[in-house]
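J.: Taking the hints into account, I'd like the entire structure generated from these sequences.
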Amino acid sequence: MTDANRRFATYWDLPPSQDVEGPDPSSTIPISRKALLGNLNVQQRAYMEVRGTGDEVRGIHLSESEVFIGRSAECEVHLPFNNISRKHARIDFKGEDYVLEDLNSTNGTYVNGVRIIRCVLRSNDQIQIGEAKIYFVEERTCQR
Amino acid sequence: MSTPTSQLDLHVSFWGTRGSISTPGRATEKYGGNTPCVSVQHKDTLIVLDACTGIRNLGLSLTEALKAGTIKMPIHLFLSHTHWDHIQGLPFFGPAYTPGVKLDVYGSARKGGFLESILQGQMDYDYFPVDMNAFGAELTVHEMTDKSIDIGPLHIEWQEQVFHPGGCVRYSITVNGRKVVYASDVELNKIFRPAEPSDELAELGKQYMDFIRDAEILIADGQYTESEYAAVTGWGHTTIPLIVETAYAAGVKQLALFHHDPQRSDKMIDEFWKEWYPRYHDKSPPMNIFWAREGLTVPV
Chain P
47 MTDANRRFAT YWDLPPSQDV EGPDPSSTIP ISRKALLGNL NVQQRAYMEV
97 RGTGDEVRGI HLSESEVFIG RSAECEVHLP FNNISRKHAR IDFKGEDYVL
147 EDLNSTNGTY VNGVRIIRCV LRSNDQIQIG EAKIYFVEER TCQR
Chain U
625 MSTPTSQLDL HVSFWGTRGS ISTPGRATEK YGGNTPCVSV QHKDTLIVLD
675 ACTGIRNLGL SLTEALKAGT IKMPIHLFLS HTHWDHIQGL PFFGPAYTPG
725 VKLDVYGSAR KGGFLESILQ GQMDYDYFPV DMNAFGAELT VHEMTDKSID
775 IGPLHIEWQE QVFHPGGCVR YSITVNGRKV VYASDVELNK IFRPAEPSDE
825 LAELGKQYMD FIRDAEILIA DGQYTESEYA AVTGWGHTTI PLIVETAYAA
875 GVKQLALFHH DPQRSDKMID EFWKEWYPRY HDKSPPMNIF WAREGLTVPV
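Chains P and U are the protein sequences, given in the same order. Each residue of the first sequence is one higher than the last, beginning at 47 in the numbering used here. Each residue of the second sequence is one higher than the last, beginning at 625 in the numbering used here.
In case anyone wonders, no lab produced these hints; they're calculated from the structure. Computed from a prediction, not measured in an experiment: that's the story for all the values here. Honestly, I wouldn't trust all of these hints.
Below, a list of computed lysine-lysine pairs in the DSSO-like style, where the Cα atoms sit at most 30 Å apart [stated by the list, open to error]:
#	chain 1	residue 1	chain 2	residue 2
1	P	LYS179	U	LYS898
2	U	LYS726	U	LYS771
3	P	LYS179	U	LYS907
4	P	LYS133	U	LYS726
5	U	LYS891	P	LYS179
6	U	LYS696	U	LYS726
7	U	LYS877	U	LYS814
8	U	LYS877	P	LYS179
9	P	LYS140	U	LYS667
10	U	LYS696	P	LYS140
11	U	LYS726	P	LYS140
12	P	LYS140	U	LYS814
13	U	LYS667	U	LYS726
14	U	LYS667	P	LYS133
15	U	LYS667	U	LYS814
16	P	LYS140	U	LYS898
17	P	LYS140	U	LYS771
18	U	LYS891	P	LYS133
T.: Structure follows, in structure tokens:
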């Protein structure tokens, strides 16, 4: 086996063929790419900072489950203001994105000052629902 | 500030907002790296504006809607022009391969009967492994001759835009008095800030103003800054300050800056937005300015 083929086999972590000689004890042993990657897993995490009329700030972590925002106490993000619809908006995890959708609310859902029907959220987006302001933060971390 | 819910039956969705060439990567994640494709939906009628790489995701999204029958046939695709960054996504538009789908494609009559062959040409075997005969959809190509087209309650007007290499068409879509204008790829600086003013340029300026006047939303070319413009004069694109001033003077309610330069990062666009949004938000009457981004659907 040529050196180039050996390096190619190592790159793809293919099983060595019978005629591959053992590593030269005087050289550095190559680490397979598979071993390097191991259990590498990109974890997506997002949270919202919710501000009402006062100074209080609520932090809400988002998972892959849908989250409803509204005046109704049933909503995961409960905003008890009269200018907010009972079920005003929803955040879904679709593909690898958090998607905010207005649920036909009376006063609308805004992202960075733009009234939206639907919006794929990105970090630092500012959502306005009635008098509540929601700051969306997303981060991706590698977990091993 | 709010629009009555009953009027929210007209939506504009952005599937690709980048100009010139697609720009995937971390720096363009927010505003998107896909090239132009915008859809305008009124109830079950779908109009698509341009067919570059953004149309792939529109196709994926449409598949479910087509199965559910919530979109009426045909789908109407209006092409502004046939530069690569406005047609290259068509071979990746899933519904085009779906039997039962009807796709009506419209474009400028300046192509002199060659619009269909131009679209076929990009699927020539030298460029793409599948030719246009593989489309299972019923495809009809129209080179527009009438000044306007009516599709149900939607009234569509178009005009040739002069200052873009090879030409480009702008479109307006009006329904129930609400107007959406798509006017990308034009160098308005040549019309509104000419080196040598003329009656002809004044007339072109008037035509443009009349076309966009009182639009609920104007999706417009704003590729360059003033400082960049000297180096790109003649490339067929408009500067940000000029399109903002022009849109405001024409009574546009909402301006979506579009066709972002490939070099433009999310951070740079955020800075533009921070600079321009408050200036016009606080005016009377206000104009809402935003930079169009992929994955955004707005009511009209």
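J.: Within a Cα-Cα threshold of 30 Å, do LYS891 (chain U) and LYS179 (chain P) meet the stated pairing?
T.: holds, 22 Å
J.: So if I understand the rule, the pair passes when the alpha-carbon distance is 30 Å or less; does LYS667 (chain U) with LYS814 (chain U) pass?
T.: Given that 30 Å is the threshold and the Cα spacing comes to 38 Å, the pair is violated.
J.: Take a quick look at whether LYS667 (chain U) and LYS726 (chain U) sit within 30 Å of each other, Cα to Cα.
T.: Holds. LYS667 (chain U) to LYS726 (chain U) sits at ~18 Å (cutoff 30 Å).
J.: Holds or violated: are the alpha carbons of LYS726 (chain U) and LYS140 (chain P) at most 30 Å from each other?
T.: holds, 28 Å
J.: When you check the alpha-carbon spacing of LYS140 (chain P) and LYS898 (chain U), does it fall within 30 Å?
T.: holds, 29 Å
J.: Measure nothing beyond the straight line between the CA atoms of LYS140 (chain P) and LYS667 (chain U); if it is 30 Å or shorter, mark the hint as holding.
T.: holds, 24 Å
J.: Please verify whether LYS140 (chain P) and LYS771 (chain U) have alpha carbons no more than 30 Å apart.
T.: violated, 41 Å
J.: Between LYS726 (chain U) and LYS771 (chain U), does the CA-CA distance stay at or below 30 Å?
T.: holds, 23 Å
J.: Please work out if LYS140 (chain P) and LYS814 (chain U) have their alpha carbons no farther apart than 30 Å.
T.: violated, 44 Å
J.: Quickly compare the C-alpha distance for LYS696 (chain U) and LYS726 (chain U) to 30 Å and report which way the hint goes.
T.: Holds, at about 9 Å.
J.: Going straight from one Cα to the other, do LYS179 (chain P) and LYS907 (chain U) come out at no more than 30 Å?
T.: holds, 23 Å
J.: Taken at face value, is the distance from the CA of LYS179 (chain P) to the CA of LYS877 (chain U) at most 30 Å?
T.: With Cα atoms ~24 Å apart, LYS877 (chain U) and LYS179 (chain P) stay inside 30 Å; holds.
The structure is inconsistent with the numbered hints 4, 12, 15, 17, 18, although it conforms to all the rest.
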